[in-house]
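*Asks:* Using the supplied hints, reconstruct the complex from the two chains, each of which is provided in its own coordinate frame.
Top line first, the protein sequences correspond to chains A and B. First residue of the first sequence: 455, per this note's numbering; consecutive thereafter. First residue of the second sequence: 4, per this note's numbering; consecutive thereafter.
No lab work stands behind these hints: they were computed from the structure. Treat the hints with care, since some could be wrong.
Computed spacing ranges between beta-carbons, pair by pair [as the list claims (entries may be wrong)]:
#, chain 1, residue 1, chain 2, residue 2, range
1, B, I139, A, R657, 25 to 35 angstroms
2, B, L11, A, D521, 56 to 66 angstroms
3, A, N644, B, S101, 55 to 65 angstroms
Each residue gets a CB set at the ideal place from its N, CA and C atoms; glycine is no exception.
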Amino acid sequence: MGMPVSGVPTETPRSPAAQVPAGHALARIGRAIRSNHKATTGTILLVIFILIALFPGVIAHASPTQDAYPPRLGPSSAHLLGTNAYGQDLFAQVIWGTRNVLIIAFVVGLATTGLAVLIGVAAAYLGGGWDGTLSVLTDVLLVIPLFPLLIIIAAYAHGEGTLVLITAITLTSWSYTARQLRSQALTLRNRDFLEAARVRGERKLYVIVMEVIPTMTSLIVASFLTNALYAVLLSSSLQFIGLGDPNTVSWGTTLYWAQNNAALQTGEPLWAIAPGFCIALLGAAFALLNYAFDEIGNPALRPVRRSKRVRST
Amino acid sequence: MRYALRRLGFFVLTLWVALTLNFLLPRLMPGNPALAMMSKFHGELGPHELNALETLFGVNAHQSLLSQYFGYLHDVFTGNFGISLSEYPASVTSVIGSAIWWTVGLVGITTVLAFLLGTGLGIVSAWRRGGKVDSIVPPVFVITSAIPYFWVAMVLVLIFGITLHWFPSQGGYYVTTDTPGLNLTFFQDVVNHAFLPAMALLITTIGTWILTMRNTMITTLAEDYVRMARAKGLPGRRIMLDYAARNAILPNLVGFAMSLGFVVSGAILVEYVFNYPGVGYMLLQAVSGEDFPLMQALFLLITVAVLLAILAADILTALLDPRTRAAR
Numbered sequence: 455m456g457m458p459v460s461g462v463p464t465e466t467p468r469s470p471a472a473q474v475p476a477g478h479a480l481a482r483i484g485r486a487i488r489s490n491h492k493a494t495t496g497t498i499l500l501v502i503f504i505l506i507a508l509f510p511g512v513i514a515h516a517s518p519t520q521d522a523y524p525p526r527l528g529p530s531s532a533h534l535l536g537t538n539a540y541g542q543d544l545f546a547q548v549i550w551g552t553r554n555v556l557i558i559a560f561v562v563g564l565a566t567t568g569l570a571v572l573i574g575v576a577a578a579y580l581g582g583g584w585d586g587t588l589s590v591l592t593d594v595l596l597v598i599p600l601f602p603l604l605i606i607i608a609a610y611a612h613g614e615g616t617l618v619l620i621t622a623i624t625l626t627s628w629s630y631t632a633r634q635l636r637s638q639a640l641t642l643r644n645r646d647f648l649e650a651a652r653v654r655g656e657r658k659l660y661v662i663v664m665e666v667i668p669t670m671t672s673l674i675v676a677s678f679l680t681n682a683l684y685a686v687l688l689s690s691s692l693q694f695i696g697l698g699d700p701n702t703v704s705w706g707t708t709l710y711w712a713q714n715n716a717a718l719q720t721g722e723p724l725w726a727i728a729p730g731f732c733i734a735l736l737g738a739a740f741a742l743l744n745y746a747f748d749e750i751g752n753p754a755l756r757p758v759r760r761s762k763r764v765r766s767t
Numbered sequence: 004m005r006y007a008l009r010r011l012g013f014f015v016l017t018l019w020v021a022l023t024l025n026f027l028l029p030r031l032m033p034g035n036p037a038l039a040m041m042s043k044f045h046g047e048l049g050p051h052e053l054n055a056l057e058t059l060f061g062v063n064a065h066q067s068l069l070s071q072y073f074g075y076l077h078d079v080f081t082g083n084f085g086i087s088l089s090e091y092p093a094s095v096t097s098v099i100g101s102a103i104w105w106t107v108g109l110v111g112i113t114t115v116l117a118f119l120l121g122t123g124l125g126i127v128s129a130w131r132r133g134g135k136v137d138s139i140v141p142p143v144f145v146i147t148s149a150i151p152y153f154w155v156a157m158v159l160v161l162i163f164g165i166t167l168h169w170f171p172s173q174g175g176y177y178v179t180t181d182t183p184g185l186n187l188t189f190f191q192d193v194v195n196h197a198f199l200p201a202m203a204l205l206i207t208t209i210g211t212w213i214l215t216m217r218n219t220m221i222t223t224l225a226e227d228y229v230r231m232a233r234a235k236g237l238p239g240r241r242i243m244l245d246y247a248a249r250n251a252i253l254p255n256l257v258g259f260a261m262s263l264g265f266v267v268s269g270a271i272l273v274e275y276v277f278n279y280p281g282v283g284y285m286l287l288q289a290v291s292g293e294d295f296p297l298m299q300a301l302f303l304l305i306t307v308a309v310l311l312a313i314l315a316a317d318i319l320t321a322l323l324d325p326r327t328r329a330a331r
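Bound-form chain B, shown alone (with noise of 0.2 angstroms):
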């Protein structure tokens, strides 16, 4: 219980410095990189706008630093991120709205097919130690861990969208001849366009997976129970998953739940390639467009999903590891 309380006074903590790192980086840069995005929107904002913008920013403030901090949170805690203003006179929340399922969904379903996927090739490749699989796989995914991500993503958009035309490398759907809805088409259209951003993400994280798996394995293959299992006579298949894979799979597990949290900002640059409507993409637009509230809102709420995923962990590990509920 304490250790709980510990973890979440944590958390909170970190929530802090997030947000405090928000409104202190744009007040701290030199040349105030406020001012200017300010002077750039200012023929297109209203009165009432700008006044907001500039307590977001503390530009002509008259406010003192600490009341401008507390007005910052009390905004933030109320879900008033402000006007977006690359898409003026949308708000934040309703710009980020409309981006967050297509990362959700791309993300989301490739982060578990890599997790499924890398987690058998593991077990596979520390199982027949030396095989096939284990000569060939762990060195391989060594290699593809350092590729940079928007890299593969361009190598692919090349080969199997440029070349070869197999499938579609801009965009999250055709935007001229398909129109959003539940239908056949449309799904058909999304899952195509999705390919090519799902298999670079698939290339560039499932090694992280392997080896892991592959690693923590091979410790629990050396222990008493797993040599007592064989000394049995079971079959090999129930020693290696129900003994060796079963004990060794906690830290992919973990893994697994934190890596739901990166999901949101997982897949920035592999969105930028390929112009994939997602939050990711959104970020770098905001970036460009000098939309600092877009930008801020963006943070947050990656680290938000980031901290959700940690917690999780935690739970996950506690309920699943005796061994850590004792020792607490």
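Extracted from the complex, chain A is given alone in its bound form (with noise of 0.2 angstroms):
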């Protein structure tokens, strides 16, 4: 879990011979978030989520846990989106809530990320017996239905934490992205920067992390936001259904009580729609970002101005 990772453009590498082209591939993100209307949209609403993770209690006054409120009350200023069949302020643990699942979801996004990126390259550039046996290995778990093995896994260990439910998520679902870094680092084997690295005598590891992986940096970025966003989905899902800890203050863990009250039917459908949506908003953060992604990665996908030629029929 812990493992270093290498390449995600947070961290600016220090080496002279990799700044060059991952300070590029930065400053062209930066660009191009502000020139792209979904990634502008995109943006922000991560941003307002990132702040409401860091700063539950400026926002909601009251605690998410204790049951210290007149159950079903309708929305009011006071409980801004009313209380729930326990007597708990659903707008604080809505609030208090973004905090479980952006952990989850920069956490899952990062190390599933870097185990690809470790794998994927690995495979492709040691090549041989290796990439035999890693790609096997990447085609097998590609090929097992996720979320039923996740809810195993999960049945098994029997409503632990958050630290489960990210292991689990990272350990089975690093398999697509290794592969599609797996089939571009491919394409870079037999180019000249590599063949000059390996004439200067550079080791294998060295090239790896500063040369193979810096020339991928928009499509780990991309991964990473594809990654984050399943972390989003799947985590909420298992929690949905009683499968995390549910003493865990998180949007999936209010829709399980949600669901077990009967919130729809009994007249409080606040309960369940409000921790819903955020995960829709949260989800649909990640989604613009990475179809942005995509527009800038794939210039034939790039929307055309209509005035600019307006073809056939």
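*Replies:* Set out below in structure tokens:
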């Protein structure tokens, strides 16, 4: 879990050899975010969620877990989203719940992508028997249905906490990214700059970390976004069906209690709708950013201005 | 031929990994979950069933891990999945048999519909690049693809089930007033109950079809043969369907073949929200009731379905795309 995630552009590489391409990519990403509407919207949403997760107490003064209020209150200025059947403040639950889901999104996103980078690039660069073994491992894991597998693991683990969720999702969901990165790295294998590094006598690890990985920055960023999105959806789903720790404060857990108490049927729709809406919004932030990166990476998909050329019919 | 054999070997390997996971997971987990399950059901089971469970999960077993493992493989290949604990004394196979058709009907039909509608919208969206459909549909479905299935299901239950009372929102049919049979009222009842779950699935899955089709078709529209067709003055509809769409549809078709394998597992959460009597709901029931034999068998069923679908997708690609045949 605590592996170094090299190559992810949040940390600028120190080495002068790698600084040039990675720096370029960062500047390009920054410019792209400002020029692309989808990217701008996604970034703003994500920043808002991060701020809420960092300072939940500033926004919600009530406690998310204390059942200190009258149950089943409607929305009011004291309780913006009302209270649930246990007399807990729903607004506080939604605000404080942001932290758990964001931690899962970022930790799983980074860990999955890091693992995938290591395995995918190592397979492509080392070749031979290594490539064969790692590729088969990747493909097998890719084919086994992820969500049912997670359900089974979580069922045996029996209501363990966030750490188990993070570990299980990370260990089972790196394969798609690893496969993508492997094929990308394969196209680089015989390029001149790698040949030059080999002639200079650099070690394999150095070449992989300093030369190969920086050229794939944009694909790695896109993979991180996809993995974070899936982490949000998968962890919330598992918590929703009661396979997380039912005592954590998180959107999925709030949904679990809402479903358990038939919130929709007993006239408390906000209990189920509000946390679900937050999951959708956070998911949309990651999805928008990801789609924007697709457009940046593949110029053919960029929206055309209608005045420019109206062809056909 | 060598390629086909290699693929076949891969499927056998994957199946073996899934079987082994099924065997190892309950034995590796801390606190031996199987033991807890057994003590829970202790009073209700006869000595014969208990014995069978002990071998299935390796509790109190005097055999070595290896002989347990071969015993397990033998059971699976002879179709012996044991007794369901929550539906005791029914066998796991018969319990699954009663649920699978609900899932195949609901999710299967919805998958076909989503594929047809989504591909159509994708074609139109790419053809009229920057037009009305194109400026609304793709961004909307980028967002819907990020919404959890179960939440869409809950919103539909709230709006159409509870507030408007247009459709029933629980179960597969009215259990109290209707008896299953081949008659029109039962059929109508089933369709009525399936409507909201189907809508939930349609809304959340259609986006992928639209985006894949649109993005591939944008690439084919830039090809020379499309320009040639335009230069020849062929009618727009013909270029759109016979030249551009026909060459762009392969990724979607392959995706469709694959998604048929996910029919069994794809609707777990939607079935859960609607209490729909299918396989996904059954899996979650098995989990919460600690019915581990049923849970293991369902996981295997889901994996096999996915493997078969990927095999079908492989064959489809080889049949439809001559380039892949030459390359191999």
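*Asks:* None of the hints should be skipped; say for each whether it holds.
*Replies:* Hint check:
no.: 1; hint: B/I139 x A/R657: 25 to 35 angstroms; result: 53 angstroms, violated
no.: 2; hint: B/L11 x A/D521: 56 to 66 angstroms; result: 58 angstroms, holds
no.: 3; hint: A/N644 x B/S101: 55 to 65 angstroms; result: 57 angstroms, holds
Of the numbered hints given earlier, the model fails hint 1 alone.
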